[in-house]
Amino acid sequence: MITAAAFYIFAFVLIAAATMVVTSRNPVHSVLFLILAFFNAAALMLIAGAEFLAMILVIVYVGAVAVLFLFVVMMLDIDFARLREGFQRYLPIGGVVGLILLLELALVIGTWTTATEASDLRLAPNPGGGVSNTKALGQILYTDYVYLFQIAGLVLLVAMIGAIVLTHRRRPGTKRQDVAAQIARSGSVNLEQVPTGVGIGELGIRRPTLPEAPKPKQVEHADHHGGHH
Amino acid sequence: MNWTLALPEIALACAGLVILLVGVIPGRNTFFGCTMAVIGALLLAAVLVLGQPEGTALGGLYVADAFSGFMKILALLGAALGLVLALDFNRRESLDRFEFPVLALFATTGMMVMVSANDLMAVYMGLELLSLPLYVIAAFDRDNGRSAEAGLKYFVLGALASGLLLYGVSLVYGFAGTTNFDRLADVFSGNGGVPAGVVVGLVFVVAGLIFKVSAVPFHMWTPDVYEGAPTPVTAFFAAAPKVAAVALLARVLLGPFGDLAAQWQQVIILASLGSMLLGAFAAVGQRNIKRLMAYSSIGHVGYALMGLAVVSDEGLRGLAIYMLIYMLMNIGTFAILVGMRRRGRAVERIEDLAGLGGTDLGRALWMTVFMFSMAGIPPLAGFFGKLYVFLAAVQGGFWTLAVVGVLTSVVSAYYYLRIVKVMFFDEAPAEGGLDATTPGLAAVTATTGIFNLVFCLYPAPLLLAAGLAAAALLG
Amino acid sequence: MDGFLSTPVGILAITVAQTLALLVPVLIAVAYLTLAERKVLAAMQMRKGPNVVGPFGLLQPFADAGKMLMKETIIPSGSSRLLFIMAPMLTFLLAMIAWAVIPVQDGWAIADINVGILYLFAISSLGVYGIIIAGWASNSKYAFLGALRSAAQMVSYEVSMGFVIVTVILCVGSQNLSDIVRAQENVWFFIPLFPMFIIFFVSTLAETNRAPFDLPEGESELVAGFFVEYSSMSFALFFLGEYANMILMSALTTILFLGGWHPPIHAEPFTWIPGFVWFALKICLCLFVFIWVRATFPRYRYDQLMRLGWKVFLPFSLLWLVITAAVLKLTGWLPA
Chain A
29 MITAAAFYIF
39 AFVLIAAATM
49 VVTSRNPVHS
59 VLFLILAFFN
69 AAALMLIAGA
79 EFLAMILVIV
89 YVGAVAVLFL
99 FVVMMLDIDF
109 ARLREGFQRY
119 LPIGGVVGLI
129 LLLELALVIG
139 TWTTATEASD
149 LRLAPNPGGG
159 VSNTKALGQI
169 LYTDYVYLFQ
179 IAGLVLLVAM
189 IGAIVLTHRR
199 RPGTKRQDVA
209 AQIARSGSVN
219 LEQVPTGVGI
229 GELGIRRPTL
239 PEAPKPKQVE
249 HADHHGGHH
Chain B
42 MNWTLALPEI
52 ALACAGLVIL
62 LVGVIPGRNT
72 FFGCTMAVIG
82 ALLLAAVLVL
92 GQPEGTALGG
102 LYVADAFSGF
112 MKILALLGAA
122 LGLVLALDFN
132 RRESLDRFEF
142 PVLALFATTG
152 MMVMVSANDL
162 MAVYMGLELL
172 SLPLYVIAAF
182 DRDNGRSAEA
192 GLKYFVLGAL
202 ASGLLLYGVS
212 LVYGFAGTTN
222 FDRLADVFSG
232 NGGVPAGVVV
242 GLVFVVAGLI
252 FKVSAVPFHM
262 WTPDVYEGAP
272 TPVTAFFAAA
282 PKVAAVALLA
292 RVLLGPFGDL
302 AAQWQQVIIL
312 ASLGSMLLGA
322 FAAVGQRNIK
332 RLMAYSSIGH
342 VGYALMGLAV
352 VSDEGLRGLA
362 IYMLIYMLMN
372 IGTFAILVGM
382 RRRGRAVERI
392 EDLAGLGGTD
402 LGRALWMTVF
412 MFSMAGIPPL
422 AGFFGKLYVF
432 LAAVQGGFWT
442 LAVVGVLTSV
452 VSAYYYLRIV
462 KVMFFDEAPA
472 EGGLDATTPG
482 LAAVTATTGI
492 FNLVFCLYPA
502 PLLLAAGLAA
512 AALLG
Chain C
159 MDGFLSTPVG
169 ILAITVAQTL
179 ALLVPVLIAV
189 AYLTLAERKV
199 LAAMQMRKGP
209 NVVGPFGLLQ
219 PFADAGKMLM
229 KETIIPSGSS
239 RLLFIMAPML
249 TFLLAMIAWA
259 VIPVQDGWAI
269 ADINVGILYL
279 FAISSLGVYG
289 IIIAGWASNS
299 KYAFLGALRS
309 AAQMVSYEVS
319 MGFVIVTVIL
329 CVGSQNLSDI
339 VRAQENVWFF
349 IPLFPMFIIF
359 FVSTLAETNR
369 APFDLPEGES
379 ELVAGFFVEY
389 SSMSFALFFL
399 GEYANMILMS
409 ALTTILFLGG
419 WHPPIHAEPF
429 TWIPGFVWFA
439 LKICLCLFVF
449 IWVRATFPRY
459 RYDQLMRLGW
469 KVFLPFSLLW
479 LVITAAVLKL
489 TGWLPA
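Chains as they are written, first to last, in our numbering: chain A, 29 to 257; chain B, 42 to 516; chain C, 159 to 494.
Don't take every hint at face value.
[What the hints assert, rightly or not] If you want a taste of the chain A side facing chain C, the calculated C-beta under 10 Å gives, among others: (1) Ile30; (2) Val50; (3) Asn54; (4) Met83; (5) Val88; (6) Phe99; (7) Met103.
Derived from the structure by calculation, the hints contain no laboratory data. Each residue gets a CB set at the ideal place from its N, CA and C atoms; glycine is no exception.
Go ahead and model the full structure; you've got the sequences and the hints to work with.
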């Protein structure tokens with residue numbers, strides 16, 4: 029009973045959020061609704077017993093992909109008036125294409141038949157025999173479909189190369205930091221025990237004596253209050 | 042698992058990773074070395090394909106047969122020749138970054154995956170692995186507005202086509218319950234009709250694939266992309282990926298959907314007719330030679346699809362042989378177009394060829410050979426390519442296709458011959474003739490040119506190979 | 159009584175009681191963590207720290223809370239009102255609900271779920287939304303810049319954190335947090351996986367936006383970053399959320415690497431102390447290091463931060479993951 033109630037709540041929020049993604053006027057709100065929709069979809073997966081998939085959906089889509097999406101949408105200065113400019117003009121042709129697709133879809137659904145074993149397969153994401161669904165997914169991804177998995181890896185690699193090729197520029201004149209050289213430097217910073225309760229008046233600024241560095245002038249000492257130590 | 046069957050793809054992908062790694066390390070430019078290494082890897086893969094046994098592997102996702110072997114050799118050859126064309130051009134236009142050959146290599150891997158696909162999922166993955174590098178190299182001249190536009194246009198429309206394909210695939214999967222080609226063929230071979238969902242899905246799949254071969258009505262990206270992309274990239278586009286996409290279309294339609302030929306035949310016939318007509322008439326008014334080549338390639342795809350539309354052994358053999366000849370004609374023509382420079386600057390208008398007969402007779406003659414071959418004038422190779430598909434159409438009783446094919450050949454001969462006329466009978470412009478070509482380009486021109494000339498003398502082995510390939514698919 | 163406890167209402171009551179039993183100590187810990195931080199920092203800088211309110215300043219957190227509550231809530235004009243109010247709630251909520259799966263002792267977890275570690279990772283990856291929404295909804299440049307920085311930082315460090323977690327899962331063979339702790343009965347994972355332990359700890363610093371990675375809220379450049387426009391209780395919620403996250407991350411470190419509720423040695427004097435006390439002590443140790451790091455290191459520059467995440471931690475954790483997998487496979491220690 030609780031499961032059913034949870035299902036209807038999540039399903040309702042999911043559909044409402046999905047509708048808002050399309051209808052909301054502000055694209056940032058659209059993305060936020062999209063995130064809400066992802067979240068509810070993950071909850072539905074949990075109810076169906078696909079806990080691994082649910083968590084991965086949240087981690088990958090909500091935690092990483094949608095963040096970047098939100099970034100782009102927030103930083104792009106989208107002009108809504110211009111976005112809607114062509115709407116009236118393209119409405120007839122777009123409407124016709126949409127109508128045809130809708131009719132086709134109706135045609136397709138009209139011939140829909142449900143396989144006899146479908147109701148048994150529903151809500152049974154595990155192959156059975158005590159295999160957790162992480163293991164079951166791993167079996168499919170890394171054993172049965174390893175070929176496609178590797179190709180998907182190559183596609184992502186290509187996307188990465190493409191992004192670098194098309195955007196990376198080596199600008200002349202930039203000064204780069206050599207972290208290794210910086211860390212390897214030693215002897216320029218020393219820790220010193222200073223007596224407590226003594227003011228700077230008695231103590232003066234204490235600096236390590238560097239052989240090649242010129243002695244700082246006394247005038248400058250007055251401005252610094254020893255804050256660097 | 043039997044993964045060793047996919048050795049050519051695995052070897053090629055691994056070679057790509059190694060070349061990427063080696064190319065990125067040294068501080069100096071590794072473009073030349075990487076290109077050479079990639080060409081070597083492509084040839085190695087071709088050798089592996091030749092030695093490949095037949096069969097299915099990797100859980101039924103991968104199939105190797107005579108058809109895949111034939112088409113893979115074509116694709117590998119086309120990719121390798123395309124890279125040779127890029128060597129000098131990219132250096133002069135400061136596009137000589139080592140990622141270029143690496144991306145081309147991954148695209149070629151995608152082509153091989155497509156050609157060997159035995160599952161709708163493998164089809165999609167191969168297609169994406171092919172397309173993504175192509176989007177990038179179309180925009181490779183990123184500071185050039187036209188190149189960036191070409192890349193973006195190709196990307197947006199390509200993504201739309203992928204969406205159509207995926208939608209179709211999901212419908213087919215939903216109604217058939219499997220994505221594996223053999224099992225799909227089993228499902229559809231039974232008597233009794235197929236559900237409407239499968240037919241709708243099939244239409245979407247065909248639409249997605251027709252986009253990739255740039256046939257009418259999904260051709261509109263071709264002229265802009267061909268014109269905007271750097272010339273060697275256009276050469277690459279026109280050769281290898283087209284072969285792979287046509288091969289994939291043939292495999293998908295004749296493999297799992299072979300028994301539904303009645304459903305898809307008219308679609309292919311219409312696409313073929315439309316492509317031939319558009320290729321013939323739209324190219325007439327073009328001034329930019331790359332745009333002209335784009336329309337020409339649309340027309341050629343129309344002829345090739347004729348071989349598919351007739352659904353027969355002869356038709357498929359004609360298609361295989363047509364793709365071989367088309368690819369070599371195109372590479373040869375582009376070898377000349379890539380070398381079109383005046384005072385160091387690349388030029389790409391038809392008028393820029395004026396007077397080439399006077400300044401560089403050798404090149405003008407080779408160009409004439411290619412143009413005659415494209416127009417289908419005997420005894421050049423292009424004539425035979427058309428001959429076999431027309432023959433198959435006539436034998437199958439598809440008179441409309443054959444007649445339209447002949448008529449559009451005549452129309453297209455006009456613009457091919459116009460180029461010859463410009464080269465030999467127009468005055469060279471005042472600023473002088475074209476710069477001398479480079480040895481690499483000259484070698485490619487000569488090799489492909491000789492092929493076009495001597496194909497008529499001894500076509501038997503290639504015909505035999507194409508026949509075997511066709512038989513493997515129609516089985 | 160048994161009858162009542164097995165009815166839905168009874169189950170609900172038990173869950174509420176369990177939740178309160180966990181969250182109330184967590185909230186008190188958050189309050190005293192703020193005090194502890196000020197005291198420890200003061201000691202390290204040879205100051206005294208808060209010592210006026212109550213004995214040794216022990217009532218200081220409540221004085222602070224009272225002050226926060228009294229202040230006026232200001233909602234900037236031009237801000238996205240609803241989101242502006244929601245953001246701190248979200249941050250605080252996420253820091254709280256993550257505790258549902260934390261096992262403080264063997265069998266003492268409110269929800270001992272199969273994919274506990276993934277749940278924690280998912281919740282911590284959601285934390286970025288509180289920040290990014292706050293930055294955007296404030297309609298202020300500084301807040302937005304801070305939010306962008308912080309979101310980029312959190313997303314970047316999550317990647318290597320993910321690899322560390324995968325390595326631990328590989329050694330355990332389960333994603334259940336209790337199982338992970340049980341697997342460390344003899345050897346705590348920070349010994350065999352020492353480099354991953356370091357990477358994980360540094361990543362948690364970045365994930366919680368703590369020094370030396372606190373540049374999203376760098377006072378000197380961004381005037382406190384994403385919550386510059388917040389005041390009163392909404393500010394307090396961010397503050398509480400941040401400190402609750404610190405405790406949560408310390409708990410996670412304890413579970414993954416420091417043996418959770420296990421005593422250092424399973425021998426007489428150590429086993430007298432109950433497991434949850436060990437757990438709390440280990441969390442305190444981690445928190446002390448958090449504060450110690452803040453007192454010691456200067457703030458990273460943005461490019462240095464990104465470089466460390468992407469060019470050092472990511473390749474290294476990936477490599478170590480492969481090495482771990484190879485070693486487990488070759489020695490046959492790979493759990494079934």
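Hint check results:
1. With its C-beta approaching chain C no nearer than about 7 Å, Ile30 of chain A sits inside the 10 Å limit, and its interface hint holds.
2. Annotation: Val50 of chain A was flagged as interfacial toward chain C, and the flag is violated, the nearest CB pair being 19 Å apart, outside 10 Å.
3. A hinted interface residue such as Asn54 of chain A counts as satisfied when its beta carbon comes closer than 10 Å to some beta carbon of chain C; here the least separation is about 8 Å, so the hint holds.
4. Hint status for Met83 of chain A relative to chain C: holds, with the closest Cβ pair at about 4 Å, below 10 Å.
5. The closest approach between the C-beta of Val88 of chain A and any C-beta of chain C is roughly 9 Å, which is under the 10 Å cut-off, so the hint is satisfied.
6. With 10 Å as the threshold, the beta carbon of Phe99 of chain A comes within range of chain C, its nearest partner Cβ sitting at about 7 Å, so the hint holds.
7. Proximity of Met103 of chain A to chain C holds as hinted, the smallest CB-CB distance being about 8 Å (cut-off 10 Å).
When the structure is compared with the earlier hints, a violation turns up for hint 2 alone.
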